[in-house]
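Student: Below are the chains, spelled out letter by letter.
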Amino acid sequence: MKRFLDLADFSRDEIVDLLALAQSLQDKPQSRALAGKILGLVFFNPSLRTLASFQAGMARLGGSSFVITPGQGTWQLETRLNAIMNGAAAEHIREGIPVLASYCDALGVRAFAEGRNLQADLAESLFSMIDGLCDKPLVNLESSVNHPCQALADWRTLDELAVPRRAKFVLSWVYHPRALPLAVPAATLHMAAMRGMEVVVLRPEGYQLPPQIMEKARAAAALSGGTVSETSERASALAGCDVLYAKEWGTTTYYGDVEADSRLRADLGDWCVRERWFKNAAADAKLMHCLPVRRNVAVADEVLDGPRAVVKREAFNRLVVQMAVLHRMLA
Amino acid sequence: MKRFLDLADFSRDEIVDLLALAQSLQDKPQSRALAGKILGLVFFNPSLRTLASFQAGMARLGGSSFVITPGQGTWQLETRLNAIMNGAAAEHIREGIPVLASYCDALGVRAFAEGRNLQADLAESLFSMIDGLCDKPLVNLESSVNHPCQALADWRTLDELAVPRRAKFVLSWVYHPRALPLAVPAATLHMAAMRGMEVVVLRPEGYQLPPQIMEKARAAAALSGGTVSETSERASALAGCDVLYAKEWGTTTYYGDVEADSRLRADLGDWCVRERWFKNAAADAKLMHCLPVRRNVAVADEVLDGPRAVVKREAFNRLVVQMAVLHRMLA
Amino acid sequence: MKRFLDLADFSRDEIVDLLALAQSLQDKPQSRALAGKILGLVFFNPSLRTLASFQAGMARLGGSSFVITPGQGTWQLETRLNAIMNGAAAEHIREGIPVLASYCDALGVRAFAEGRNLQADLAESLFSMIDGLCDKPLVNLESSVNHPCQALADWRTLDELAVPRRAKFVLSWVYHPRALPLAVPAATLHMAAMRGMEVVVLRPEGYQLPPQIMEKARAAAALSGGTVSETSERASALAGCDVLYAKEWGTTTYYGDVEADSRLRADLGDWCVRERWFKNAAADAKLMHCLPVRRNVAVADEVLDGPRAVVKREAFNRLVVQMAVLHRMLA
Numbered sequence: 017m018k019r020f021l022d023l024a025d026f027s028r029d030e031i032v033d034l035l036a037l038a039q040s041l042q043d044k045p046q047s048r049a050l051a052g053k054i055l056g057l058v059f060f061n062p063s064l065r066t067l068a069s070f071q072a073g074m075a076r077l078g079g080s081s082f083v084i085t086p087g088q089g090t091w092q093l094e095t096r097l098n099a100i101m102n103g104a105a106a107e108h109i110r111e112g113i114p115v116l117a118s119y120c121d122a123l124g125v126r127a128f129a130e131g132r133n134l135q136a137d138l139a140e141s142l143f144s145m146i147d148g149l150c151d152k153p154l155v156n157l158e159s160s161v162n163h164p165c166q167a168l169a170d171w172r173t174l175d176e177l178a179v180p181r182r183a184k185f186v187l188s189w190v191y192h193p194r195a196l197p198l199a200v201p202a203a204t205l206h207m208a209a210m211r212g213m214e215v216v217v218l219r220p221e222g223y224q225l226p227p228q229i230m231e232k233a234r235a236a237a238a239l240s241g242g243t244v245s246e247t248s249e250r251a252s253a254l255a256g257c258d259v260l261y262a263k264e265w266g267t268t269t270y271y272g273d274v275e276a277d278s279r280l281r282a283d284l285g286d287w288c289v290r291e292r293w294f295k296n297a298a299a300d301a302k303l304m305h306c307l308p309v310r311r312n313v314a315v316a317d318e319v320l321d322g323p324r325a326v327v328k329r330e331a332f333n334r335l336v337v338q339m340a341v342l343h344r345m346l347a
Numbered sequence: 017m018k019r020f021l022d023l024a025d026f027s028r029d030e031i032v033d034l035l036a037l038a039q040s041l042q043d044k045p046q047s048r049a050l051a052g053k054i055l056g057l058v059f060f061n062p063s064l065r066t067l068a069s070f071q072a073g074m075a076r077l078g079g080s081s082f083v084i085t086p087g088q089g090t091w092q093l094e095t096r097l098n099a100i101m102n103g104a105a106a107e108h109i110r111e112g113i114p115v116l117a118s119y120c121d122a123l124g125v126r127a128f129a130e131g132r133n134l135q136a137d138l139a140e141s142l143f144s145m146i147d148g149l150c151d152k153p154l155v156n157l158e159s160s161v162n163h164p165c166q167a168l169a170d171w172r173t174l175d176e177l178a179v180p181r182r183a184k185f186v187l188s189w190v191y192h193p194r195a196l197p198l199a200v201p202a203a204t205l206h207m208a209a210m211r212g213m214e215v216v217v218l219r220p221e222g223y224q225l226p227p228q229i230m231e232k233a234r235a236a237a238a239l240s241g242g243t244v245s246e247t248s249e250r251a252s253a254l255a256g257c258d259v260l261y262a263k264e265w266g267t268t269t270y271y272g273d274v275e276a277d278s279r280l281r282a283d284l285g286d287w288c289v290r291e292r293w294f295k296n297a298a299a300d301a302k303l304m305h306c307l308p309v310r311r312n313v314a315v316a317d318e319v320l321d322g323p324r325a326v327v328k329r330e331a332f333n334r335l336v337v338q339m340a341v342l343h344r345m346l347a
Numbered sequence: 017m018k019r020f021l022d023l024a025d026f027s028r029d030e031i032v033d034l035l036a037l038a039q040s041l042q043d044k045p046q047s048r049a050l051a052g053k054i055l056g057l058v059f060f061n062p063s064l065r066t067l068a069s070f071q072a073g074m075a076r077l078g079g080s081s082f083v084i085t086p087g088q089g090t091w092q093l094e095t096r097l098n099a100i101m102n103g104a105a106a107e108h109i110r111e112g113i114p115v116l117a118s119y120c121d122a123l124g125v126r127a128f129a130e131g132r133n134l135q136a137d138l139a140e141s142l143f144s145m146i147d148g149l150c151d152k153p154l155v156n157l158e159s160s161v162n163h164p165c166q167a168l169a170d171w172r173t174l175d176e177l178a179v180p181r182r183a184k185f186v187l188s189w190v191y192h193p194r195a196l197p198l199a200v201p202a203a204t205l206h207m208a209a210m211r212g213m214e215v216v217v218l219r220p221e222g223y224q225l226p227p228q229i230m231e232k233a234r235a236a237a238a239l240s241g242g243t244v245s246e247t248s249e250r251a252s253a254l255a256g257c258d259v260l261y262a263k264e265w266g267t268t269t270y271y272g273d274v275e276a277d278s279r280l281r282a283d284l285g286d287w288c289v290r291e292r293w294f295k296n297a298a299a300d301a302k303l304m305h306c307l308p309v310r311r312n313v314a315v316a317d318e319v320l321d322g323p324r325a326v327v328k329r330e331a332f333n334r335l336v337v338q339m340a341v342l343h344r345m346l347a
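Chains as they are written, first to last, in the working numbering: chain A, 17 to 347; chain B, 17 to 347; chain C, 17 to 347.
Just to be clear, a hint being listed does not mean it is correct.
Pairs involving identical chains hold if they fit within one copy or between any two copies, as the list cannot separate such chains.
To be verified - Straight-line Cα separation of at most 30 Å, DSSO-like style, residue types lysine-lysine; simulated pairs:
1. 18 with 44
2. 152 with 44
3. 18 with 152
Honestly, the hints are just simulated from the structure, not real lab data.
Working from the sequences, and respecting the hints, build out all of it.
Tutor: Here it is in structure tokens:
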């Protein structure tokens, strides 16, 4: 495996196989499998889980890693093609990425969406450029509209919890003070569709997921026997749901318009998951979230501290599945 | 050992035993003792010695480590229970700490005092919460009112210098432009009392250590055969002293009141240790300080650059004793 | 080897020998040569290549490393002797450097020029102090007027490209929005002179290299059979050149005077390397640069993306030659 950029690049069987490798590495640790191997990690944006779990994962497999954070200890990196670089950025990714790749055996890069132009972000124009500049195995640590490591960890979490393949999975928009990227909702939606679930996207008006993302998920659902639908009606969406996956994202109707987004979300403060949301859900319905989560803003304490919340297990599974990705790339 | 949070959690014999382990790891390095083990390090506050020595210590024992710095590369972490998280912090320690703990074999956390409410800081309310959230071995890298790694290193330094158990140990307040936390003075006082020394706390009015800290130390002294007293008279305190341990801290009379503290310390600029302070001290009296030290503000060049200063040995001993703590926790 | 501070501290044969070791470590990797060894890295200034390649190099040789960044995660470090430390810096390098050295087997330090007083910077007064404080092997990761790791990597790159020893090597000033230090031009000039090349320093008026640097290079050229000259005439300098090494630096006529430097460089925007610069150069003349490079400001896209540019190979060679330095110091 040379690239881990998007779950959609793999067949369902290949993902199931990768999850089996993750399990086998848990059952029989291979503490020297990546001895002498080096992972380079480049974070254009902040991180907690990704930063810690990739370093820990390499160490658990006997390898090592280094971290580069443009703008903190390293200068800012320019990403625009043909830029006349007389501003803040001292180096272009056209040099920076190949150079860092030359120092390691695999590279992981996090580069969030710019959040200005929806089509550019959907096209993954920045990550495609990085992809083209890296001649070593490359892992997407979250790009404009993807987060395959999170999606893989969530798939494993569903399996561990024995959530049936056909179960009802509701991806619900939740409140946040600011517009956040589409990466996790897009990756989560695709994962659940690919797993074969009955997926419902629940979101207020103005926050519908872009047609390209919905259609890609529908195509995956068609192959796996799942379904994908979309609604703004919370009660019907949550009725009988087995999994509520909460996630914050920005308006797509006025993508990149901070003021319009603020006006739109001003009245949406009740999109904070509370126990009463589960009134008509399956008795043991689960609450998932990729973290970080703003308590009592996106999800209430009563849910996060109760038995439904499996968010810490999802986070631990980041480590588990990423070790499988690294093993497949480098062992 | 599952916790290393406070010297007072251990008996004197247990500490002596831990110091013996530290010595034995120096005599016979065990370069593979922690092979495959991972230490997570979380720094809510800056560090030089702790940051470097814990990474070096894990490496010397064959293990590895990762570093998380909330607010730098990682978002800010909320610490208040039941907070409505619509401010700067993106994640709560109720998620952050257990998740990081799940990636490693032991966790070290530095979280300085808030410095607003003395009783809350004395109660170690934040570190207690962290303690409760961490199901892996936990090391205190400096909390509100404790710094056990520093205290253990200082104990070893006193032993190496063959300072007698009953020697006179003066913990003296020294000047600093700002109010600093009580962690090191409290930990140092307790260490010297527990070691069995004749401890004198020398400080100007307004800077007395809180009764809880003094009483805890007196109880330790009673068990070890030492004594603890307190004074604002420099000449008598320093007469015959074998060790002068210099440390900066904030007013306890007006705890958390920055302006009152500034007024109080405005006239205390002469609390900078100079060679003349040792006029009536033991001939080879030592100057100790946990570092970082502001030269010519807290301690003069003439002392730091002279033969009395053992501050670099104290700092090196951080590495030595922490390897013993890690070995006891993880080997 | 206890110090790697300046190529000029070594004979030409010693450098050739070090480059042979670099090659042999590429041919036959020694993945356990530095097992158990720890490199401490201190960055007073930002870095990409140095930060990544030293960590990667230690890992490739079986060792490990830690990174300290004063002002980011670690407090600011005072460097002035006899300072009364009541400002921003909490610790002096007189404590900080020896303490960090005590935690590791070798120390690397980056400390750029202050850029105020040319004679002080030429005297390497700060790095000399650091040198005197460090009782472990010490590597210069870029000081006021030196960058020996870059120079060594560039020498290897010239060898790999089979650039003849006597070839014409033009070190050319290029545009940058701000005055940059003399470290790389000084180190590059000395390297090319020491290698035995026909070296021409091409720069506009006001940017001549200091006499001390020119004379030091001329002495090296005399020993190696090379030559060193200086001009502001671009056409004659580039005629027949085999290598164009582009580099930005600040005015030496008005050293440390930001406004004078800005005025001087205001008209120098055409000192951006373009393909037409090579009109009368050797057919396969190479473009070298230490990176980071501002595209279309210092060097145009058309050159950086064309076959002349060997900048990524230079950067990769940082890793290769630094492994030889570390091996010589620690194996």
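Student: With reference to the structure, classify each hint as holding or not holding.
Tutor: Hint check results:
no. : hint        : in the structure
1   : 18 with 44  : both (24 Å within a copy, 25 Å between copies)
2   : 152 with 44 : both (27 Å within a copy, 21 Å between copies)
3   : 18 with 152 : within (7 Å within a copy, 35 Å between copies)
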